[in-house]
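**Student:** Top line first, the protein sequences correspond to chains A and B.
For the first sequence, position 209 (counting from the first letter as 1) is numbered 209 according to full-length UniProt numbering, and the numbering increases by one without interruption.
For the second sequence, position 86 (counting from the first letter as 1) is numbered 86 according to full-length UniProt numbering, and the numbering increases by one without interruption.
What the hints contain is simulated information worked out from the structure, not anything from laboratory work.
We put the CB at the ideal spot given by N, CA and C, even for glycine.
Only true hints are included.
Pairwise CB distance ranges (calculated): (1) B:Q285 to A:G106: 16 to 22 Å; (2) B:N288 to A:C62: 30 to 36 Å; (3) B:I62 to A:S139: 37 to 43 Å; (4) A:S139 to B:N376: 51 to 57 Å; (5) A:K229 to B:S253: 25 to 31 Å; (6) B:R299 to A:Q125: 21 to 27 Å; (7) A:A68 to B:Q339: 43 to 49 Å; (8) A:P218 to B:S172: 48 to 54 Å; (9) A:D121 to B:K359: 34 to 40 Å; (10) B:E245 to A:P218: 17 to 23 Å; (11) A:P218 to B:Q339: 58 to 64 Å.
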Amino acid sequence: MEAISQDSCGGGDEAPGAEGWPAPEARVHFRVTRFIMEAGVKLGMQSIPIATACAIYHKFFCEINLNAYDPYLVAMSSLYLAGKVEEQHLRTRDIINVSNRYFHPGSEPLELDSRFWVIRDSIVQCELLVLRVLRFQVSFQHPHKYLLHYLISLKNWLNRYSWQRTPISITAWALLRDSYHGGLCLRFRAQHIAVAVLHLALQVYGVEVPAEAEAEKPWWQVFSDDLTKPIIDNIVSDLIQIYTMDTEIP
Amino acid sequence: MDRDLLRQSLNYHGPSLLSLLRSEQQDNPHFRSLLGSAAEPARGPPPQQPAPGRKEKRIDNIEIQKFISKKADLLFALSWKSDVPATSEVNEDNEDPYAVMPPLEQFMEIPSMDRRELFFRDIERGDIVIGRISSIREFGFFMVLICLGSGIMRDISHLEITALCPLRDVPSHSNHGDPLSYYQTGDIIRAGIKDIDRYHEKLAVSLYSSSLPPHLSGIKLGVISSEELPLYYRRSVELNSNSLESYESIMQSSLGFANPGVVEFLLGKLGIDEANPPSLMRGLQSKNFSEDDFASALRKKQSASWALKCVKVGVDYFKVGRHVDAMNEYNKALEIDKQNVEALVARGALYATKGSLNKAIEDFELALENCPTHRNARKYLCQTLVERGGQLEEEEKFLNAESYYKKALDLDETFKDAEDALQKLHKYMQKSLELREKQAEKEEKQKTKKIETSAEKLRKLLKEEKRLKKKRRKSTSSSSSVSSGDESVSSSSSSSSSGHKRHKKHKRNRSESSRSSKRHSAKASSNQIDQDRKDEYFPVPANTSASFLNQRQEVEKLLEKQDRVPYQKKQVKEKDRCPLSSSSLEIPDDFGGRSEDSRDFYNSYKTQAGSSKTEKPYKYERHFSSRRDSSDSFSRNPEDKLKSCGYRKCEKDAEGRKEHYRKWEPGSMRYSTSPAGSDHSSKSVEKHKKCSYSGSRDFSRHEQRCQLSKNHREYEREYNYEEDIKTEVSERDEVNSKEHSESVVKKNLPQNLLNIFNQIAAFEKEKGNKQKN
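Extracted from the complex, chain B is given alone in its bound form (with noise of 0.2 Å):
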């Protein structure tokens, strides 16, 4: 009970009511014992004078005791209180958020005297006045003040309030001077209240914020322009302009009584909480209503055993086998309950049997989550883990199949099932390693033997190239720097295959120089060289069959239609995907597979250029069979260096390989389709320098794929390409168009011959920027 709300009713209503109360309220034990003490201070204040207009309601005044004796128990507990901060807010509702009307006194008309005398009886200290300089002094100024900026709303202007903010409450503005020649009579200051002398009705302010409360010291005090004076006041400005205007007319007018947020705002405002409505009947007291019968709480349940419903049916459908049927269901009970466990664990289940194990597993897991403790859902998982963990052990995923099992034991530490599948995979695992390591030894033994043959091969081979290199550096006036690469290319490479790591590295610093070179070039290569490479190696074409031509064009037509414009997408899409192949398994295998393919059409090649009397097609399949036995012999490589570089991936079965070797078999014929050969056969100096540079851009991919794979295809390759860049450029391209279009399939008989021209064009570009630098 709230004693004082009770004393200040009864001193106003008088005894009448206390005697209301005690009858009304006597079984009520707080009141019985409130009364006996309440009814002394009634007795003991002298009967207060009646107010004329109470006067006139004394009849009613009877009834609203009575109301008030009967309601007492609510009226003036304690809860029985709107939980509004007492702290005094700013008035400056600018963005009249409700209507902002003039002080009601303003309307009441009432007396001057009156309103200067509940002003200071309410002023508070903290409170922000605004009022305008009347004078300036030496100890200070003195305002009169217009309308107050916080705590409460009243009209003051009229009524010659005075205040002096003294020189130590003015702040300085600058070093030197006096701070109030910054101040001009007539000035508009927001001040804050320091000192109150009620009686004498003296007010002294400050401009410092130290002298307003602490969640108001974020105003500026001091000068103020007239828009920032509050709206309240604007608005009783108005009023005294026009006195006619009546409280509703105002208030109907402004824009935020329009405002459809006003009665939420204004609850807000005076601490109303809508959420538990106040009520004085019994029975609409919402602290007595129970959570369960709210609409939330029911939809819930109602929609949680529909749910439910809707599953059993579902099981029903999949004990019949109406999978379909039970599918539905259940989909449609966890539209109804998003969370329904049972539904979950119902799907999860049936997608289990239908072998959809990731899907079941997704079902499984988020039963789990709603209800960890759910007996089934944690059963079904396990037992979906582990086999799911099988098939990824039948798709040789041996690690992803690890974790699967983990996790199984993760959630149930007794699961048999689990725990023998893993302890199985890892006896497997280590088995297959140890074969492999077998098999790599017995293989390097093989190759070793074989690289001496080849070495000498190798030799006289290079020694041809050297013959014609300088044939033609006679033509094309190349420089030293060539010459010097292809005689410590040729040195490294006749070497013993024990140097491998050091051709690697060799090779490796190469192929960044001469990429940096053919940067250079594509840019700075002058048309005299192109006219030259024109002049000299455009008739080889002609020379050749007709049905070459005849093809060339084709193709040339295909291409220029469909990789023109995606080529230079390509190299960067190929770029993006450097990181990925690292990983991926499947990269390394489709090497290989391509390798294979392309000695396939080397051999073609060998068949149809040799028909041709020209010397330089006949230089070429000199070169491209030379590349074939060195790959051949390089063939066995590989194996010997997956063991030494201890690659990880070497888990893998030989057998799987082989399948992926018959999978890429069927696309192989596309792989000889080079959009970037022919680009370059068309003539057109521009292609060519794409042409060219994206055979560096694939140089550095390349190298990239070779040290993070470190598969035998690849060394292969790069062994060639220390022979010689120029088929390095053609197989780049071969890579190229490996992404290219499925459509140019069966053209690798010209084929080869444009990967010719490009090599020959590439060799010769080269020369070109050597000779530059």
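Extracted from the complex, chain A is given alone in its bound form (with noise of 0.2 Å):
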């Protein structure tokens, strides 16, 4: 675990300072959370076992403090326990490869000697130690199928060439990858987060569900009954707040 730590967590520059905890260490989740969707895609991984990954990630941090462990390697390791919760199993080689390549893009594929072994040891050992620390707690309801039904009913209420003009399924589902980046998922519910997204996909492109004025009810309380218009705005502000890093991190 130590080879790991030092090998990967070469951006020591961006550890917490002692003042302003909140801002760097969310940056660093940030930067963490990044990897675990770049390696997710380059691992040929689901949207939902990568927001299994991210869930664990941020589920292990909120009660671990990260100077405590390497990041890095329990995003490694979220990955692997992601892809045995979602039934989608990757082997801890291909992790490492691509993990290893992330960190020194462009090097060659490390051999497979002792130091291989080193690294694919402390990603099982680190497994269990997210294990524990989730209390085994690791499946996750993910706002993923509840937004796509939303999208279904929509889709069918709308008129069909508005709907196909504009991309809102597909924006919706981008905005919805992208929120994993912070820890909204542990935060809200995932109706919520699903009508949250779905509405902002609709404000980006100006579509406005038809008869919602002559409606009893909004279209976004018919998907989830306890859900309040300042929920939505919450989390469509953390959204937007999450992508206000991405430009400020290279």
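Using the hints, put the two chains back together into the complex; each one sits in its own frame.
**Tutor:** Spelled out as structure tokens, the structure:
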């Protein structure tokens, strides 16, 4: 574990300083989740396993101080564990290869020597640690399934040409995936996140739900009874906050 | 940039977004040109009436506008589109792969007026509608729509929307009468929208599938049952009866929501590509990811280098002479990377040095398949092919050797060794062919001399034979057909050797006829005949030596155990083998060996049987000795035959054949035990039938083999057969015995006797058959 933490956490300059804890910490998490997502795509993972990996990562660092463990190692273990949880099994060798390439772009794949096995062992050990820290509660309700059903419902109510012209579903899906850069998934209900993401997507393209003014119940209320407008606004602003980090961090 | 989309967004957010966009995207050349023109329409239309819902979120709207302006290059990119097909889908998800929900407006409780308006705005020609017939007129029927079958899923059941289906759009179900008579008020009808008058809110529908778009033309229009109504409608009806249910509870209780593949299914339905997941993060644009950074590419690269490492270790072992370790390393390398060319070549080289040339060739060929330009693989393969060709040459498989040389030359035309070897082989083949011809010529001359003397002998023997047969005929009252057959045989056999071919034809016909007659007899032979046979012949063994009796019983016991069951099977097997024997070189050889053996024990039989005093054994002794003579006389025959028939395998060396003879000698003894013979002597009628049947079966097989191989030993046997079928039967049994267990060796002496009994029985049998026929 020592080897990998020295090796991979090269971005020590981004480590939280003495003052201003939250912002730098959020930045580290943003970077590490970015790594999870990029590695997930390169490992051929689907959206839900990637989401689970991010959720595991965020949940772990809700419990544990960032200084205690190397976040990238936790991220690798999260990927490995998420593959198991979501039945899309990954091989540690692939995870190590992709990660190594991520940390050292253009480098040759590691040789399968004792160092490789040390890294592999540390991933497996860290996986056990994560499991214990999370008290083996590693399955999550993700907004993905809800969002897709909402999209289908909305699609039928909207004019089909306006639906076709406007990339609402792809935007909503992208927003949802990107939302895992932060800990939104832990703070809000899955349905609420799904609605908020959909709401933002509609807003972006200026699409109005037909006859919304005349309706007894706004469309977002239909999808989730306990949802209120402020919750949506909160989620949306959090989401936008995440994107501001994207521009701040190169 | 998608101008329309940008305009739509600008119209919604107003001029504040425009100014934000201008400041954020000023570096983007697409936007700079676009925003100039986009500003015009933004200014042009009167400011939108802000909806009451929107007023509240004015504050965060600015945040959203900032977000839009920052991400505008991604959000309004032309590539930022879902690739969902623009066709309307059928709303018949009866299998429920996802949670099919009642229409959204039903939950939103939108007034009917708006719903109706929106329905007429969104309905399209070619959509499928489902409704009930409300009235039937002479010009068509009216139906009230209850739901939609394709395109959009809307709740229209309470909107009282009527549609007319004119008479010309109703297909007639019979040649006579009114097509409308088929329909009744209240029928549920599925129809295609043919015409829409949006202003007057009038619809015309058709029952012809030509009204539907091509991809929906398979859908049956007309009367449907209530079970065929779309799932969304049924759920909507359920919701109407219990309006307290929320969207969420219906969704959660739906089976489709729990479907583990629901995400994948809906992503496909909505046209989102999971292989290239969308993201609005600049660093996560999957199109910027290099293909080399993906796990599969990295793994492949890593495996290749790992395998190569193993090969290197293996080569080091190989150089030191630790061949087993080297092989292990190569195999490990190939386990890691199945297609590793270096490992294949290295392993092939190891195989070649170890002498497993075929395996080496396999490896080299596989390596060349994967990497056709690999120089070493090609070189090694050529060398190995030539070496293997040399091996084959030594094994007398010249044709195979030739093909290997040719293969090597195909790979490398300049490969000198292969060319030399091929030429040498051709020369050698030519020479041996000439040699063979000469030898055959010589032998033919010798043979013609002998044949005349033997013909004399044969004639005598046949006369004797006839006499015996006549005697027997008296006791069993045989038919004339056998005698005539005998006569024809004797006459033909006494003719000169030049009539060989004629013989053969003749014989073939005969064997066929006898076979068929035997088959008949197998079923038809009466007890009477069997009884007779027993009475007449079974005293014979009793008169011979006691030792034989004992042995016979032993044989019987053994055979009863081992051979009775597999007996039938083996016949079939033998039959199957027939086509094989024609191509195989070994079969003719072992026949040769066997006939030598049989002659040996005929001799031994002669000495033994000579001491017995009964008349019949003597007769058989005579018969056998005559047979031996004839076979001797014909032993030269085949070489002649070889030449005349142009036997293709004549390239084979005489030496090689001798080797085969030697090889076969140790096993010769087992031929002498014949299960069929012993079976027969055990007096069982059924077994007897079997035996004769097997004999006849073997005839055909024998015939076939003879024609195909034209072997000299075979030919000798044929000749015997012409003389006497009885002998033939016994010999066939010997052929059978070859297949049988090797444990029953060393019983050849009594076996001779058994064979004789067998012959007698077969002969009797035939006589019986002839009678019947």
